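*Asks:* These are the residues of each chain, in order.
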Amino acid sequence: MSERRADLLYVSWGGTGRGESLRAALEHAITHGANLVFLAILDRRTFDDVEPVLLGAITEELEWLLDAQLRLSLAQLGDPDLVTRIVVRAGDVEDVVVDVVETTGATEVLIGAPVVPPAVGGDREAGVADLVHDLELRTKVPVQLVGVEAGR
Amino acid sequence: MPVLAASESNFLETELSVVILLATAALVAVIVRRIRMPYTVALVLAGLGFAFFPNFLDLDISSDLILGLLVPPLLFEATLNLPWRKLKADLVAVLFLALIGTLVGTFIVGGLVKPLVDVPWPAALAFGALISATDPVAVIAFFKTMGVDKRLTVLVEGESLFNDAIAIVVFNIAIGVASTGDAFSLPDAIREFLVVGFGGLAVGLVMGAAVSMLLRNLDDHLIETAATLALAFGSFVVAEEFGEIFGIEDFHLSGILSVVAAGLVVGTMGLTATSPNTRISLENFWEILTFFVNSMVFLLIGVEINLLDLRPSLLDVAVAVAAVLVGRFLVVYGIGFVHQFLQPERAIPKSYRHVQMWGGLRGAISLALALTITASDVGSESTAEVLRLMTFGVVLFTLLVQGTTMAALINRLGLSRRSEVEVEQQRRQAALFAKRAGRRELVELGNQGVLLPAMSEALLATYDDDIKGSSSSLGSHYQRHPELEISMLLQARRTALTAEQEALLNAGRRGLVSGEIADHQFDALNVQLFALDLIEERWELDPAPLDIDGDPDV
Numbered sequence: 001m002s003e004r005r006a007d008l009l010y011v012s013w014g015g016t017g018r019g020e021s022l023r024a025a026l027e028h029a030i031t032h033g034a035n036l037v038f039l040a041i042l043d044r045r046t047f048d049d050v051e052p053v054l055l056g057a058i059t060e061e062l063e064w065l066l067d068a069q070l071r072l073s074l075a076q077l078g079d080p081d082l083v084t085r086i087v088v089r090a091g092d093v094e095d096v097v098v099d100v101v102e103t104t105g106a107t108e109v110l111i112g113a114p115v116v117p118p119a120v121g122g123d124r125e126a127g128v129a130d131l132v133h134d135l136e137l138r139t140k141v142p143v144q145l146v147g148v149e150a151g152r
Numbered sequence: 153m154p155v156l157a158a159s160e161s162n163f164l165e166t167e168l169s170v171v172i173l174l175a176t177a178a179l180v181a182v183i184v185r186r187i188r189m190p191y192t193v194a195l196v197l198a199g200l201g202f203a204f205f206p207n208f209l210d211l212d213i214s215s216d217l218i219l220g221l222l223v224p225p226l227l228f229e230a231t232l233n234l235p236w237r238k239l240k241a242d243l244v245a246v247l248f249l250a251l252i253g254t255l256v257g258t259f260i261v262g263g264l265v266k267p268l269v270d271v272p273w274p275a276a277l278a279f280g281a282l283i284s285a286t287d288p289v290a291v292i293a294f295f296k297t298m299g300v301d302k303r304l305t306v307l308v309e310g311e312s313l314f315n316d317a318i319a320i321v322v323f324n325i326a327i328g329v330a331s332t333g334d335a336f337s338l339p340d341a342i343r344e345f346l347v348v349g350f351g352g353l354a355v356g357l358v359m360g361a362a363v364s365m366l367l368r369n370l371d372d373h374l375i376e377t378a379a380t381l382a383l384a385f386g387s388f389v390v391a392e393e394f395g396e397i398f399g400i401e402d403f404h405l406s407g408i409l410s411v412v413a414a415g416l417v418v419g420t421m422g423l424t425a426t427s428p429n430t431r432i433s434l435e436n437f438w439e440i441l442t443f444f445v446n447s448m449v450f451l452l453i454g455v456e457i458n459l460l461d462l463r464p465s466l467l468d469v470a471v472a473v474a475a476v477l478v479g480r481f482l483v484v485y486g487i488g489f490v491h492q493f494l495q496p497e498r499a500i501p502k503s504y505r506h507v508q509m510w511g512g513l514r515g516a517i518s519l520a521l522a523l524t525i526t527a528s529d530v531g532s533e534s535t536a537e538v539l540r541l542m543t544f545g546v547v548l549f550t551l552l553v554q555g556t557t558m559a560a561l562i563n564r565l566g567l568s569r570r571s572e573v574e575v576e577q578q579r580r581q582a583a584l585f586a587k588r589a590g591r592r593e594l595v596e597l598g599n600q601g602v603l604l605p606a607m608s609e610a611l612l613a614t615y616d617d618d619i620k621g622s623s624s625s626l627g628s629h630y631q632r633h634p635e636l637e638i639s640m641l642l643q644a645r646r647t648a649l650t651a652e653q654e655a656l657l658n659a660g661r662r663g664l665v666s667g668e669i670a671d672h673q674f675d676a677l678n679v680q681l682f683a684l685d686l687i688e689e690r691w692e693l694d695p696a697p698l699d700i701d702g703d704p705d706v
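If you read the protein sequences in the order shown, they are chains A and B.
With the working numbering applied, the first sequence covers 1 to 152.
With the working numbering applied, the second sequence covers 153 to 706.
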């Protein structure tokens with residue numbers, strides 16, 4: 001009986017998750033022999049005023065777009081043997097990440113860079129570093145940035 | 153019959169003048185394709201040129217012509233195409249700018265002009281009000297060509313639609329005080345403001361709802377187009393002539409707000425229920441009419457302003473321009489500052505505020521109101537003349553100086569989505585697209601026997617090489633600029649959904665599916681397209697654009 005592969009959670013809430021970051025996350029998953037869950041969050045700070053019907057349409061369209069982006073990235077990486085799936089959720093970024101880590105049992109969280117300042121929020125003065133720290137505390141799994149700004 | 157002959161002759165002369173203006177507009181449209189100048193600015197310059205041929209045009213450019221005939225269709229078309237969902241999302245900011253901004257701007261400009269130009273208080277406030285009406289046509293044209301965020305378009309266009317009406321109401325109150333010499337009564341002014349404004353809105357809502365019902369229950373693109381045209385003018389006239397129609401002496405409502413309300417209602421309720429065929433007819437009709445009316449408006453602005461008349465009043469004009477800029481600065485940044493605390497989730501980015509400030513161009517409404525000012529309104533002919541000249545000067549300055557520098561500002565702020573990288577992507581994409589179309593045509597020619605098989609094979613092989621090269625060039629561009637991927641996917645998805653709508657339209661026309669089902673699915677696709685707009689606007693954000701001073705823009 002083969003051992004179940006671990007899930008890595010790649011998180012994006014808009015402005016993040018560009019092709020380069022996504023490919024970095026995919027490569028990370030391949031290197032670690034893990035599956036990749038692509039979590040797209042419709043941040044409540046930006047989508048709170050949207051009617052439920054429209055939010056449903058946004059969720060469907062975003063899933064469609066991200067699926068296309070994921071297929072494109074996998075093709076560019078030579079269609080590796082990798083299981084991926086997309087989850088689109090609306091809510092507070094931190095709460096959603098914590099919830100999805102719990103339900104999927106993800107062993108690591110990857111955040112697509114560059115992280116857009118408004119999404120980090122005016123109340124998070126220290127911005128990205130604080131977010132990463134808070135997520136590590138709450139999810140109890142390693143959290144790291146991947147993509148263009150990650151190596152800076 | 154000499155009277156009839158004379159009136160016929162006048163009519164023909166007026167008709168000839170309109171034809172000359174139309175021909176000029178067409179010529180200007182051709183020229184601006186070759187030079188880098190906004191169409192509206194070029195029209196104003198062409199209009200100014202008519203000053204050298206004083207007897208060439210036989211036109212009485214009255215306030216009624218502009219306000220009653222030219223402005224209603226422009227406002228109606230703008231509201232018809234203003235997505236209510238988007239306007240609703242920013243309604244607080246829009247109304248703040250339009251209502252509070254116009255009132256505050258009126259007092260700031262009036263307060264600065266009063267001592268510096270030495271005109272009476274009511275006249276200064278009348279000028280402050282008439283010059284507060286912004287004209288977004290030139291700015292919106294830039295937004296479209298430069299691919300600026302739709303939210304900024306809604307903010308600028310929405311503010312303009314409402315502040316036109318508010319400026320007119322405030323202007324009429326100020327002129328009323330100036331002409332009667334009565335002491336200013338704040339409660340009376342507020343009452344008049346509310347009655348005229350809300351009354352105008354009510355008339356537009358009722359008439360717009362009635363026409364929307366007609367559109368929902370009828371499927372005839374000619375009648376429906378005629379109905380919207382009648383509504384655009386009818387809502388204006390009924391509101392303005394409300395007292396006359398219902399026998400109330402000296403009573404009128406805001407025609408502009410009536411048109412705005414009618415357009416919003418029809419755009420939201422009526423158009424969604426029309427058949428795809430009618431919708432396309434309506435869009436085409438209003439596009440042509442708007443092009444025609446806009447061309448006339450900007451040409452007439454140029455025709456009406458005589459540069460030689462402005463020369464002796466240059467100092468007054470300079471004061472007016474400075475006052476207008478100071479007023480706009482304080483209004484846009486002040487209201488933006490307050491608004492960010494009221495609606496932090498919809499705070500207006502600083503870069504947008506810079507565009508709103510510098511993009512506050514003045515046009516037809518200001519000009520039309522200035523033309524109504526008479527000596528008896530403001531105490532003396534010299535005061536009336538100063539107000540008119542200051543208005544002409546400000547309109548000219550905003551169109552020629554601010555209008556021609558808007559593109560540079562938008563680029564400087566990084567708000568143009570058509571960056572060099574994107575232009576290069578489109579160039580490579582266009583090359584690939586064209587090559588593939590050429591190849592398809594060659595295959596067709598080969599199949600039809602027009603080309604000999606050997607010829608066809610040789611040409612196709614050459615095309616295949618070209619296509620391979622273009623495809624690889626596009627691929628390497630995407631690899632170098634991965635940020636283009638999502639925008640490309642969004643664009644492709646949007647095109648695909650529009651193609652689905654076209655297919656539904658065709659199926660409905662051919663009777664393959666019922667009109668009701670086609671309409672229902674068409675609307676569902678509209679929701680999906682709107683969802684894509686929101687994804688582009690709110691989810692797929694570019695990393696925050698930098699402010700001029702380098703601060704991240706929040």
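These aren't lab readings, by the way, just hints derived from the structure by calculation.
One or more hints might be untrue.
So the derived label-pair ranges between C-beta atoms look like this [to be verified]:
| # | chain 1 | residue 1 | chain 2 | residue 2 | range |
| --- | --- | --- | --- | --- | --- |
| 1 | A | R85 | B | E576 | 45 to 55 Å |
| 2 | A | D67 | B | L677 | 31 to 41 Å |
| 3 | A | D67 | B | E576 | 24 to 34 Å |
| 4 | A | G105 | B | N599 | 52 to 62 Å |
| 5 | A | R85 | B | E439 | 50 to 60 Å |
| 6 | A | L82 | B | G486 | 45 to 55 Å |
| 7 | A | A75 | B | R368 | 45 to 55 Å |
| 8 | A | D67 | B | E497 | 53 to 63 Å |
| 9 | B | E576 | A | L82 | 24 to 34 Å |
| 10 | B | G590 | A | V141 | 50 to 60 Å |
| 11 | A | D48 | B | I432 | 54 to 64 Å |
| 12 | A | G105 | B | G590 | 27 to 37 Å |
| 13 | A | L82 | B | I432 | 41 to 51 Å |
| 14 | B | A474 | A | D67 | 47 to 57 Å |
Since this is a predicted model, take the numbers as computed values, not measurements.
Ideal Cβ positions, reconstructed from N, Cα and C, are used throughout, including at glycine.
*Asks:* Against each hint, give a clear statement of whether it holds in the structure.
*Replies:* Here's how the hints hold up against the structure:
1. For R85 of chain A and E576 of chain B, the hinted distance range of 45 to 55 Å is not satisfied, since their beta carbons lie about 34 Å from each other.
2. Here the CB-CB span from D67 of chain A to L677 of chain B is close to 19 Å, at odds with the stated 31 to 41 Å.
3. Checked against the hint of 24 to 34 Å, the pair D67 of chain A and E576 of chain B passes, with Cβ atoms roughly 27 Å apart.
4. Against the hinted window of 52 to 62 Å, the Cβ-Cβ separation of G105 of chain A and N599 of chain B comes to about 58 Å, which satisfies the hint.
5. Look at R85 of chain A against E439 of chain B: about 45 Å separates their beta carbons, and that is not inside 50 to 60 Å.
6. The beta-carbon spacing between L82 of chain A and G486 of chain B, approximately 54 Å, falls within the hinted interval of 45 to 55 Å.
7. Hint check: A75 of chain A to R368 of chain B, Cβ distance near 47 Å, so the stated range 45 to 55 Å holds.
8. Between D67 of chain A and E497 of chain B the beta carbon distance is about 29 Å. The supplied range of 53 to 63 Å is therefore violated.
9. Here the CB-CB span from E576 of chain B to L82 of chain A is close to 32 Å, well matched to the stated 24 to 34 Å.
10. Taking 50 to 60 Å as the suggested C-beta distance range, the pair G590 of chain B and V141 of chain A conforms, at roughly 54 Å.
11. Remark: the range hint 54 to 64 Å for D48 of chain A to I432 of chain B is contradicted by a beta-carbon distance near 35 Å.
12. Under the hint 27 to 37 Å, the C-beta atoms of G105 of chain A and G590 of chain B, about 54 Å apart, miss the expected range.
13. A hinted range of 41 to 51 Å for the beta carbons of L82 of chain A and I432 of chain B is consistent with their spacing of about 46 Å.
14. Between A474 of chain B and D67 of chain A the beta carbons are some 56 Å apart, a value that agrees with the proposed interval 47 to 57 Å.
Checked against the numbered hints above, the structure violates hints 1, 2, 5, 8, 11 and 12; every other hint is satisfied.
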